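Peer 1: Sequence:
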Amino acid sequence: TNEKKDNDAGHLMLDIGSNAGYYGLLAATYGLKTVAFDLQPECVAVIQNSILVNNLGENMRVIPKGVSEGKVNETTTMQVPDEGCNGRFPFADSAKISKHVDVELHPLQYYLPSSSKIIKMMKVDTEGNEKRVLMGALPFFASQKIKNAIVEVTPGHGFWSKANITAEEMSDVLIQIIDEYQYAMIPLIAKDSGKFQASMLSYVGAQNKTTILGEERIIFTDGKRATEYMLSRASPLQFDIWLLPSQDLHKLT
Numbered sequence: 001t002n003e004k005k006d007n008d009a010g011h012l013m014l015d016i017g018s019n020a021g022y023y024g025l026l027a028a029t030y031g032l033k034t035v036a037f038d039l040q041p042e043c044v045a046v047i048q049n050s051i052l053v054n055n056l057g058e059n060m061r062v063i064p065k066g067v068s069e070g071k072v073n074e075t076t077t078m079q080v081p082d083e084g085c086n087g088r089f090p091f092a093d094s095a096k097i098s099k100h101v102d103v104e105l106h107p108l109q110y111y112l113p114s115s116s117k118i119i120k121m122m123k124v125d126t127e128g129n130e131k132r133v134l135m136g137a138l139p140f141f142a143s144q145k146i147k148n149a150i151v152e153v154t155p156g157h158g159f160w161s162k163a164n165i166t167a168e169e170m171s172d173v174l175i176q177i178i179d180e181y182q183y184a185m186i187p188l189i190a191k192d193s194g195k196f197q198a199s200m201l202s203y204v205g206a207q208n209k210t211t212i213l214g215e216e217r218i219i220f221t222d223g224k225r226a227t228e229y230m231l232s233r234a235s236p237l238q239f240d241i242w243l244l245p246s247q248d249l250h251k252l253t
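Here the sequence shown is numbered in the UniProt record's numbering, starting from 1 and rising by one per residue.
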């Protein structure tokens, strides 16, 4: 129906920190309207070329700017190397790169002023700057417009301190999303971290577990316990978390 087409047109996938754009391109290939964000000019060029070569222009665009905290009507900038598409940016060694460019950073509302947008998936991989991205997206969590967010968290690499972000600040934004905005957090621990996963499954209790695609997963609906898990000394140095509205948990079973 026309109504369904209109609804689908308002559904988005956001690939924030897209690098070469793999996940965004995959979503666009499956027909989801996709917006990729990356600060590195060479990454943006790679994505633009991939969109062109794969004829995905109708479904995907790339924005050569970043998502961060701040006010919608204010612009902050960051210096970015003008060459290379580095997956460890901004903490890769760029001493040998002489030319840099200033790239704009804005909260998500700057790019998506329409409150009708439903974000089916938001992927965040920003090498330690995930707190700022989540802060920049808070209005969309508050209205539960974000239906799924896969966020790489990096508690063990020292990325947060390099970005002048404390563990407490990262915890605070997650607690706000989970407790105030009623989201659940599901850690997506890799199989090579199985011992940690098993011990945490025992710690949180059976009532907080579910099986997703054959893997037993923990579900946190309490922000304090979720952040204790994230900051545990036994936790992996980096791992992905899945944030979704708690009211949608029943869809997983």
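Read the hints as simulated data drawn from the structure, not as lab findings. Note that the structure is predicted; figures quoted are calculated from it, not measured. Treat each hint with caution, since some may be false.
[To be verified] Cut-off 20 Å, straight-line C-alpha distance, at most; resulting in silico cross-link-like pairs (EDC-like, lysine to aspartate or glutamate):
1) Lys147 <-> Asp248
2) Lys147 <-> Glu42
3) Lys65 <-> Glu42
4) Lys209 <-> Asp248
5) Lys209 <-> Asp172
[Unchecked claim] Restraint ranges, calculated between C-beta atoms of paired labels, are given here:
6) Leu213 <-> Asp102: 23 to 31 Å
7) Thr253 <-> Lys71: 24 to 32 Å
8) Gln247 <-> Gly70: 39 to 47 Å
9) Lys162 <-> Glu58: 33 to 41 Å
10) His250 <-> Asp102: 43 to 51 Å
11) Leu237 <-> Tyr22: 18 to 26 Å
12) Ser161 <-> Tyr111: 25 to 33 Å
13) Gly214 <-> Thr77: 27 to 35 Å
The beta-carbon is built from N, C-alpha and C at its ideal position, and this holds for glycine as well.
Peer 1: Hint compliance check: list the failing hint numbers for this structure, sorted ascending.
Peer 2: Numbers 2, 5, 6, 7, 8, 13 - these are the hints that the structure violates, sorted from lowest upward.
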